[in-house]
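Undergrad: Residue numbers (this note's numbering), protein chains in the order written: chain A, 313 to 639; chain B, 313 to 639; chain C, 7 to 333; chain D, 7 to 333.
Take every hint as true, because none was put in to throw you off.
DSS-like mimics (lysine-lysine), calculated; alpha carbons at most 27 Å apart, straight line: (1) Lys-175/C x Lys-362/B; (2) Lys-316/B x Lys-362/B; (3) Lys-195/C x Lys-362/A.
What the hints contain is simulated information worked out from the structure, not anything from laboratory work.
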Amino acid sequence: MAKKMNFVTAINLAMHDAMEQDENVMLLGEDVADEEGGGVVKVTKGLSTKFGTSRVRSTPIAEEAIMGAAIGASLVGKRPIAEIMLMNFTTVSMDQMVNHAAKLRFMSGGQTNVPITIRTMTGAGGGAGGQHCDMLEAWFAHTAGMKVVVPSTPADAYGLLLSCIQDDDPCLFIENLPTYWTMGEAPERGQAIPLGKANVVKDGSDVTLISYGRTMMEAQAACQQLETEGVSVELVDLRSIVPLDLPTVLESVSKTRRAVIAHEAVTPFGVGAELAAQITEMLFSELQAPVQRVGGSYNAVPYAQALEDAHLPTPDRITDAIKKTLA
Amino acid sequence: MAKKMNFVTAINLAMHDAMEQDENVMLLGEDVADEEGGGVVKVTKGLSTKFGTSRVRSTPIAEEAIMGAAIGASLVGKRPIAEIMLMNFTTVSMDQMVNHAAKLRFMSGGQTNVPITIRTMTGAGGGAGGQHCDMLEAWFAHTAGMKVVVPSTPADAYGLLLSCIQDDDPCLFIENLPTYWTMGEAPERGQAIPLGKANVVKDGSDVTLISYGRTMMEAQAACQQLETEGVSVELVDLRSIVPLDLPTVLESVSKTRRAVIAHEAVTPFGVGAELAAQITEMLFSELQAPVQRVGGSYNAVPYAQALEDAHLPTPDRITDAIKKTLA
Amino acid sequence: MTTLGQPDPATLLDIYERAARIRKNDEAFHSAMQSGKLGIRIYYSPRGQEIIPSAICNLLTDEDYLVTIYRGVHDQIAKGIPLNELWAEYAGRVTGTCKGKGGPMHVTHPETGNMVTTGIVGGSMPIANGLAMASQMDGNDRVTIASFGDGASNIGAFHESLNMASVWKLPVIFVCQNNLIAEHTRYEKGTSVERIADRASAYGMPGIHVNGNDPLEMWKAAKVAIDRARAGEGPTLIEAMTFRFMGHLIGDPDEHWNEGEKEAAMERDPIPALRRYLIDHGHATEGDLQGLEEKLDQEVEDAMAFAAESAKPDILELQKDVFAEEK
Amino acid sequence: MTTLGQPDPATLLDIYERAARIRKNDEAFHSAMQSGKLGIRIYYSPRGQEIIPSAICNLLTDEDYLVTIYRGVHDQIAKGIPLNELWAEYAGRVTGTCKGKGGPMHVTHPETGNMVTTGIVGGSMPIANGLAMASQMDGNDRVTIASFGDGASNIGAFHESLNMASVWKLPVIFVCQNNLIAEHTRYEKGTSVERIADRASAYGMPGIHVNGNDPLEMWKAAKVAIDRARAGEGPTLIEAMTFRFMGHLIGDPDEHWNEGEKEAAMERDPIPALRRYLIDHGHATEGDLQGLEEKLDQEVEDAMAFAAESAKPDILELQKDVFAEEK
Ligand SMILES: Cc1ncc(C[n+]2csc(CCOP(=O)(O)OP(=O)(O)O)c2C)c(N)n1
Ligand SMILES: Cc1ncc(C[n+]2csc(CCOP(=O)(O)OP(=O)(O)O)c2C)c(N)n1
Ligand SMILES: [Mg+2]
Ligand SMILES: [Mg+2]
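Pulled out of the complex, with its shape left as it was, chain A reads as follows (with noise of 0.2 Å):
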């Protein structure tokens, strides 16, 4: 039997390998180091305790500090691994991450870059309500010169990471927070995982279900079900928003002509629409059905547990969505 490993360990044991593989490797963040406990749930724990307090820092409650110095490190020849404890909290650190970090390279002309990875966790479905859990990466794939990546299990996560941290771009790497500890195959060690390469989870030949992160496992609870009515979905993983693996999901979409797409974050203006007009623009005479979205219901996310079960993708709506496409 293959070995298991949940998300935590593996984002965990890539950047244990990043860092003893590169000495520029470092890290900040609120209670990174293991005298804070490493990590609020405990993700870098052991680093400082190796790597020593100099490489991997706790910081103050000071997001845009922490951004900022890991901009400033990175353009001096650190790769710093910069953590926002929850995607809401980049609220405060945009203007670091946005009109710096995604733009240096680009107005220096090429002389500065910006090689630091993002880290930060989210995700709806554990009661913390309106502002710890939104899915933001449509803002940040909208945002020219910042990389994307929401790895859904726990071997991508370990090889994503790696490829995160090894890119010369800055990387905004999700963490779902709620699967944190679900297990999967462990990762190769050493082994990065290109960004810009979708993986095709599951052959099919009906209809095309697009997704990424956390949503990934709806998406395969839905293909099951509709396996079970003799329904052939092909799954594709993203892995990246930016950049999108287009010829993968055009190549898909042109074999199943439907196509299906589901993420956490809301539907409107979200990365699904994007994905959508895309398909549609290349594909336009062989589509059969018009793309549908799946996303979160545009609000913020609830606090009561059936509002907030009823506020994301569940496989029932997927499994709708793809009906909807086949009918």
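Go by the hints and put chains B, C and D with the ligands onto chain A.
TA: Positioned in the frame of chain A, the structure of chains B, C and D with the ligands alone reads:
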């Protein structure tokens, strides 16, 4: 001949009339009072002299505090207009805007609401470079609870700003700096223009061109160019992105069966994606060609004039897109 | 600190009642979380910090405003929030203060002046300024309390808010509950100044360093600041020294203290100390206090029953309270 | 301030040369803007503030880092940026420091330690910390200068940065060029403390208030701070008092001064004063300085010619330097 007015005067007049009508309307932002020049480009000139510096407050350079002050006051009866001088500086106040202003109605179960108007100016064309010109409306449209308004004429600016100020939700009102002094028809005093009602600026039969804000000027130029070539374009000005007047858009596109969307923001993950996705979903079998999008090129706004010109959606690029739908 | 006389016995009894009410609820929240019966999904215990808001709120009315944080249930209860609706909110019921949509981190109850609860570190202060600005403009003598932690004194919003409040002489009191730790980071690892109260001088504002767990001292400090604010003399920063008895969140092993440090603090638990004081000084008899405590037990029991019997929100609630216009 | 001896004559001559070079360039920028010949699109004059960076940069090498702001051309020239590439950047040419893509607000030239220029108020400080953190980790004795204005001392990034720098004892010097005004808002309208240097105590950091237009005093203050940083003793806040002679932007009527205030400041113009001092003290003859000034005139003329003769960037540049991978 009808009276003419530029944007600066129209926006100033809307604030003036709103303040005169409702003593709860107030204004805060950097340099907005007359002692500080009445705004960096004089948009708020005269208001503090007439209504006093308690209602028209020049602030420290502190966008998070400006936004918070507006939000807090709005919870207890004020209708603050908060000016964030340039749209890129919303990155500094994102936490208050997104985690608080947009969500307090929902998170409080409707007990409190946030009737603020956030005025901000932006737009490429002036050579300010990468940090002063971004169009970020897609971010805020992706944030449930925030309304997003982008006027394209001085008269619309007046009428839509009145609506924003009177609206019971946070409204982001985006003004285009490079065309501030462009003249247009004068507004009708006291006449609010409802949010969520698109404006069919020009009837046509061959294709629907959808745009908003400054790009409406380029869109008009493209229409004129095409008219000489015998192409009849129906031109729709969205006026507000949230609420989005989908019925008007769909009505037009179901007539012309072709659609092009043009905006200044970078194309990927922009407002055009949502529109393309929605139009295609609703009018799939009627569309004769894939919806085309024309937006800013995917990079930071460049400094050099030739680059900045090429970055923007020009009439030529819009014309090309329209021809593509007709090919 | 100027001495403005001592709190009288009735005041001390009132403080005790508020503090004991907080403690009773805290115990009940803990056991409800353990049993899982009410479906409460998240809880930040304020245990150890009860005296601070109990003393402050003795000096306030429902007309005064409070903006607090995730760890704010002590502030809310001291401020007089009705327990039924509070418990129902925690339990995600439609009868909750926010219909179950906000949850523990976003409790709002304007009738008792509980204006905003935020989950964003630093988020309380900018909004508090806005409430205070409205009071100043209206010329009433309401004051606003902004509650926050020691860790929050290192984030940008603190700085912007204190500066703005001082420049405008707003009737706001910044109450820093210094429990010596921020999640898992000890005070000195994140904060560069020995006393947060000393930061007041950076804003030309009085700063008061006080033992927040001493009801007499805390009350006197609050009185100075509140009187000052009501008199239109401007804001005050109070650093109230305290201790967090129960870790950051339920389940936190809270291992960051030196040997014996936490035990010593818990031995100085201010609630039994105040109880003893009241009896020793003849302000109340053992029987009086037992009677009070039984009343409080009953209140809590009633509130729990109210929550348990209340309905859960319908999923149609997702579409409500997003915008003024319902979908 | 501890006195560590006086600058020697060579130092004073060096300061004069830097300041005079700034002034010559400033005059040329003004006339180039007026004539429009080079197509320079935006310019923030540092006239009146030349001595501050001239004194500081006398103590730095190219290995030391500078992060400055839109009003930063004096800092850049003092730091030794090559004038040809600087002018070419302003003129939007492909030979500019940033290939014409960054422009005046985003000049970068790593070879001379000009690491970042930002257009965002407060944006320089977080990044400066990162550069200093890298130096600290690498154990070299480089220092980083963060330049910013008085208005910027009221924004959150200032607070977060000074706190972090102090907690980590970073080799960074925060240089606040207090020209008494922020765009059009006078110091006291935005800032709640009499002296910004006093804010240093909120971070357990030395704060130095100095007449930035006095070359001897400015040099001594900079030396204390730089020596301290190089010795690993941590950061310093310097408030350098100065005056902005030319308004915020070209064309600014700059009407915010009291009668005679600006005239008096301009009469104290530090450059002719230093010139007189050098001659009076026998450090240079009139002929020496005339020779120097002629050399500077020639430098500027050469740089303007270089810019004028340089090509404009190809529009393919839009696609370059966005990501490490070229499109
Ligand atoms: C902007 C932001 N960053 C980080 C967090 C995560 N976080 C929640 S509580 C907390 C510690 C706050 O400490 P303190 O201000 O001392 O308050 P306490 O919890 O001790 O009352 C942190 C870092 C947050 N909620 N918001
Ligand atoms: C975050 C942000 N808010 C507002 C502005 C607009 N702005 C540009 S310069 C300026 C004044 C800055 O004053 P100061 O810090 O004193 O610097 P000075 O220009 O006087 O050197 C303002 C408000 C900005 N660039 N960034
Ligand atoms: Mg704390
Ligand atoms: Mg200034």
